[in-house]
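Undergrad: Listed below are the residues making up each chain.
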Amino acid sequence: EVHLVESGGGLVQPGGSLRLSCAASGLTFNTDWMSWVRQSPRDGLEWVANIRQDGSETHYVDSVKGRFTVSIDNVKNLVYLQMNSLRVEDTAVYYCTRGIGSGKAANAWGQGTLVTVSS
Amino acid sequence: IQLTQSPSSLSASVGDRVTITCRASQGINSYLAWYQQESGKAPKLLIDTASTLQSGVPSRFSGSGSGTEFTLTISNLQPEDFAAYYCQQLQSYPPTFGQGTRLEIK
Numbered sequence: 001e002v003h004l005v006e007s008g009g010g011l012v013q014p015g016g017s018l019r020l021s022c023a024a025s026g027l028t029f030n031t032d033w034m035s036w037v038r039q040s041p042r043d044g045l046e047w048v049a050n051i052r053q054d055g056s057e058t059h060y061v062d063s064v065k066g067r068f069t070v071s072i073d074n075v076k077n078l079v080y081l082q083m084n085s086l087r088v089e090d091t092a093v094y095y096c097t098r099g100i101g102s103g104k105a106a107n108a109w110g111q112g113t114l115v116t117v118s119s
Numbered sequence: 120i121q122l123t124q125s126p127s128s129l130s131a132s133v134g135d136r137v138t139i140t141c142r143a144s145q146g147i148n149s150y151l152a153w154y155q156q157e158s159g160k161a162p163k164l165l166i167d168t169a170s171t172l173q174s175g176v177p178s179r180f181s182g183s184g185s186g187t188e189f190t191l192t193i194s195n196l197q198p199e200d201f202a203a204y205y206c207q208q209l210q211s212y213p214p215t216f217g218q219g220t221r222l223e224i225k
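Chains Z and W, in that order, are what the protein sequence lines are.
Mapped onto the numbering used here, the consecutive letters of the first sequence carry residue numbers 1 to 119.
Mapped onto the numbering used here, the consecutive letters of the second sequence carry residue numbers 120 to 225.
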């Protein structure tokens, strides 16, 4: 069974940076995708980025391109989301998920971590 | 690709049958998933590829459709089914979600 636990959320000022981590257990090394999805009252659920589990391919939603970077460490079983130049509109609960890529849905979700961007 | 769910909210009683619709702005074949989100929790995958029920999901949930119109039907509503439901298209990037349908107890 896949178990995902996010950490690293918090309060940050506009223009600041934050790195989210997702500790994953129960994954097998294959071509699964790992994704970050965020949820806010303003925008609802929004897919943010994904990475193929071997790290060979990434995709981003337009609003975070050039600011966010997703990466994976298969030795430590961690997925990261480095968020730079944060904006007020990035405020949301961020979920780590398995899936969302190659037509596959997110079949495992973490509990989420809250990111608040405010001065 | 934009997804439009209807209705945005719905009131029903235990034992009722309800249907939620998700319309895509362009064809997505069968690359559509449905999620359930209980208050304060992460979403949970119910159905993918439009009609494939996930393991452990009760058979009172069913999905249908292809192309641009999809439905999620819940038969014999149970108390634990009152939650928010979201569709998501997985045909192309970015994989967008619908705005959600809140199912409330009448």
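Among these hints, one or two may not hold up.
[To be verified] Result set (SDA-like, lysine to any residue): computed pairs, CA atoms no more than 25 Å apart in a straight line:
(1) Z:K104 x W:T168
(2) W:K163 x Z:G15
(3) W:K163 x Z:N107
(4) W:K225 x Z:L18
(5) Z:K104 x Z:G26
(6) W:K225 x Z:S85
(7) W:K225 x Z:Q111
(8) Z:K76 x Z:H3
(9) W:K225 x Z:K76
(10) Z:K104 x W:Q145
(11) Z:K65 x W:L122
(12) W:K163 x Z:R87
(13) Z:K104 x W:L122
(14) W:K160 x W:S130
(15) W:K160 x Z:D54
(16) Z:K104 x W:S130
(17) Z:K104 x Z:N74
(18) W:K160 x Z:S56
(19) Z:K104 x W:T140
(20) W:K160 x Z:Y80
(21) W:K225 x W:T187
(22) W:K163 x Z:S85
(23) Z:K104 x Z:R87
(24) Z:K104 x W:T192
(25) W:K160 x Z:G26
(26) W:K160 x W:S170
(27) Z:K76 x Z:W33
(28) W:K160 x W:P177
(29) W:K225 x Z:P41
(30) W:K225 x W:P213
(31) W:K160 x W:S144
(32) W:K160 x W:F180
(33) Z:K104 x Z:V117
(34) Z:K104 x W:Q121
(35) Z:K65 x Z:G44
(36) W:K160 x Z:S85
(37) W:K163 x Z:D32
Worth flagging that the hints you see were computed from the coordinates, not collected in a lab.
Undergrad: Decide if the proposed pair is consistent with the structure: Z:K104 and Z:R87, CA atoms, cutoff 25 Å inclusive.
TA: This hinted pair is violated, its Cα atoms lying about 30 Å apart.
Undergrad: Does Z:D54 sit within 25 Å of W:K160, going by the straight-line distance between their CA atoms?
TA: violated (29 Å)
Undergrad: Would the pair W:K225 and Z:Q111 pass a check requiring their Cα atoms to be no farther apart than 25 Å?
TA: This hinted pair is violated, its Cα atoms lying about 29 Å apart.
Undergrad: Sort out whether W:P213 lies within 25 Å of W:K225, counting only the CA atoms.
TA: violated (36 Å)
Undergrad: Are the Cα positions of W:K160 and Z:S85 separated by 25 Å at most?
TA: It is violated: about 28 Å lies between the C-alpha atoms, which goes past 25 Å.
Undergrad: Is W:K225 within 25 Å of Z:L18, Cα to Cα?
TA: violated (43 Å)
Undergrad: Against the 25 Å threshold, does the CA-CA distance of W:K160 and W:S170 hold or violate the hint?
TA: Holds. W:K160 to W:S170 sits at ~24 Å (cutoff 25 Å).
Undergrad: For the pair supplied as a hint, W:K160 and W:S144, is the alpha-carbon distance within the 25 Å limit?
TA: Given pair W:K160, W:S144 is violated - Cα atoms ~29 Å apart, limit 25 Å.
Undergrad: Does Z:K65 pair with W:L122 here, judged by a C-alpha cut-off of 25 Å?
TA: This hinted pair holds, its Cα atoms lying about 22 Å apart.
Undergrad: Do the alpha carbons of Z:K76 and Z:H3 lie within 25 Å of each other, as the hint requires?
TA: Holds, at about 14 Å.
Undergrad: Assess, step by step, whether the Cα of W:K163 is no farther than 25 Å from the Cα of Z:N107, and give holds or violated.
TA: Distance of about 7 Å is within 25 Å: holds.
Undergrad: Take a quick look at whether W:K163 and Z:R87 sit within 25 Å of each other, Cα to Cα.
TA: violated (28 Å)
Checked against the numbered hints given earlier, the structure breaks hints 2, 4, 6, 7, 9, 12, 15, 16, 18, 21, 22, 23, 30, 31, 33 and 36 and satisfies all the rest.
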